[in-house]
Amino acid sequence: MNNNVNQNNKKIVWDFWENLGKSELGEIESVVENAMHEDVIWNGFDPVNQLQGIESFCNDFWKPLLHSFPDLTRQTHIFMGGKSNGRIDGDTSKDGKMWISGTGYFNATFANDYLNILAHGKKVKIRWGDFSRVENGKIVEIFFLLDLVDLMQQVDIQVLPPSKGKDHVYPPPKANDGILLAAQDDKTSEYSLTHIRQFIYDGLNAFDESDLKSMGMADYFHPTVKWYGPGGIGACLSFKEFEDLHQKPWLVAYPDRQVQNLNALIAEGNYSGGPGWAGVKATHTGQYLDCPATQKKIDFNSLDWWKREDEMYIENWVFVDMIHLFRQFGIDLFERMKATSISSATSTSN
Amino acid sequence: MNFQKEKNIVRNYIEAFDKASDSDLVNVLKKYTTEDYHWRGMHPFYEQYGAKDVIHTFWQPFRASFSPIQRRVDIFFAGANDCDKGKTTWVVNVGNFLGLFDHNWLGIPATGKMAFLRYAEFHRVNAAGKIAETALFCDIISIMHQAGYYPLPPMTGAAFLYPGPRTHDGLLFDEKAHKEAEKTMEVLNRMIADLDTLNTNTAEKCPPELLAKTWNKDMIWYGPFGIGASYTIERYQHQHQYPFRDNLYDKVFNGHITRFAEGNYCGFFGWPNLKNKNKGGFLGLPASKVDAPMRVVDIYRREGDKLAENWVYIDLLHYLYEQGLDILERMRQINRI
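Chains as they are written, first to last, in our numbering: chain A, 1 to 350; chain B, 1001 to 1337.
Bound-form chain A, shown alone (with noise of 0.2 angstroms):
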């Protein structure tokens, strides 16, 4: 039953992703009609937050994205669905709802600016990752980011301190086997999504604030695990650098961060996936990147993906909202931004 309703909700995703990239300008309202609760909740990236309806979806999200990247096209990575069960006590009732979900890159050409990031004109990969909630045949509720700190990293615009991992590391699964449009075995889902489960609540969440091993994380991470962190942060390419480049500087700033219920957390096939609005709670109690200590209390929004192999991670497709995170210690990124910009020197008034 689950799977049938999964199998058609992705098709309903699907053809909208499509039809979305096919449509002329005088065409995405009835294009988006057709796949969208008119109640919509949009919940994205800072600075563009969340938007409530059809018409701010459109007017207020898509249409200033395109007309930014005129030429746009969708390339996904991974697509998939499931029955959400993303509570820390695992009560599917008051959780339990159908999602599809996707990520891969927007390539285009930055043609105007966007958010103030200043056009070069020449083509970007725009990194997208997306939960959509699906009920009745309609998008009712949808989780998205844009990796703004990497794309401003694409025109060459540094607002945060080289990152100790890769930067612009951000492939589709190994495999190649991410775009899940036929329906799955149902043991293999349902054991993938147990399986994340145990690692979120049971290994992430038991950091004792000192040992990393306290954690587990080696019995769910294979050695050559391949963690593709957000711009600001990098890849890291094994365990190992996942450990020395991303966790310890990130338990040495948040040590008391706690994995909270998520908005969503499915699985589909060797796939998992969900996302968190405020989805880790911590404070933020040491320094990180450029940022002293602040004592300030932090969410973070951000979105995962994992490719499971047997009983350990083989991959991890990651997002976190920096510009939020950064916000909330006081610094707006966007203002770091204009330091590279004449328009800021010229046009602040004595």
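Don't read these hints as lab results, they were simulated from the structure. None of the values given here were measured: they were computed from a predicted structure. Just so you know, even glycine gets a beta-carbon here, dropped at the ideal spot from N, CA and C. Every clue listed holds true.
So these bits of chain A aren't anywhere near chain B, every CB distance computed over 12 angstroms:
hint	residue
1	Trp-17
2	Leu-25
3	Ala-35
4	Pro-64
5	His-67
6	Thr-73
7	Lys-123
8	Ala-183
9	Asn-205
10	Gly-216
11	Gln-260
12	Lys-281
Taking lysine-lysine and the DSS-like style, the derived pairs with C-alpha atoms no more than 25 angstroms apart in a straight line are:
hint	chain 1	residue 1	chain 2	residue 2
13	B	Lys-1289	B	Lys-1279
14	A	Lys-296	B	Lys-1289
15	A	Lys-248	A	Lys-166
16	B	Lys-1031	B	Lys-1019
17	B	Lys-1130	B	Lys-1087
18	B	Lys-1085	B	Lys-1130
19	B	Lys-1179	B	Lys-1306
20	B	Lys-1279	A	Lys-338
21	B	Lys-1306	B	Lys-1205
22	B	Lys-1113	A	Lys-166
23	A	Lys-11	A	Lys-63
24	A	Lys-338	B	Lys-1277
25	A	Lys-296	B	Lys-1277
26	B	Lys-1205	A	Lys-338
27	A	Lys-297	B	Lys-1279
28	B	Lys-1030	B	Lys-1019
29	A	Lys-297	B	Lys-1277
30	A	Lys-297	B	Lys-1289
31	B	Lys-1087	B	Lys-1031
32	B	Lys-1289	B	Lys-1251
33	B	Lys-1031	B	Lys-1005
34	A	Lys-94	A	Lys-187
35	B	Lys-1279	A	Lys-296
Starting from the known structure of chain A, fit chain B onto it as the hints suggest.
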């Protein structure tokens, strides 16, 4: 009043020191300095006493990473210290150390290419003709920039290899008429007094006319990496003065260790010159209640009755460290050095 004796002592010292072999460094430094020689360096070198510790802390590792080193002096002058009514005499040399960056330094990965370390070195020469005190400021962040590991948010100014004085007359090896130094000191003190007056009314935006009283319209401010350089009064205000004035508060000025002039050059350093708190925004930092110290060097060139060029060094690594940000540790982590 002239400072030819002190200048010659420092020139001789520089010549002997720069060509000394590694094993001779301590002996050469000992020969020119007092027994209780006091050396001030930047984070992470700090204050050292006696030739041995100075060589061990700064010069040996620096020379090991950048040999062979060429000292390229752009400005050289001396003067009686205005801060102690002229009791002490100081000699300063300003420019770049050029070297081949062949070995990692302070966690910054070597490039195998030439690199320029901006520096300003002050020496106090005592009556016995010995160097009793030194302050060596240098721009470590500029080396990170040259190596491709710039660690801070985008600079408001421009970052490049800064030139010496436009007039190419910065090496005051010969005696200068004392009245020129007096004129220079008068403009400098007037500029500082103007800003002090403004500081008592922090709500007020500094009007460009106020700066124009003591600065050339086409002034150049060669700031430390982290901030960068600015040209013209208007652009200097946007790129440094306003971010500095608007985003830092509770500024308390401590004065200088030395301040002196010769001919149309003058300069000073403090330890620290001032303390301030960050409202959020300066150098991309979040707001902080830390009273952070700023150790600063300013070197000026006067043209007529105005200041025309200004070379500036700030111990930003120390300033950031005091606010809980350890740039060097991060550099070591990134580069796994």
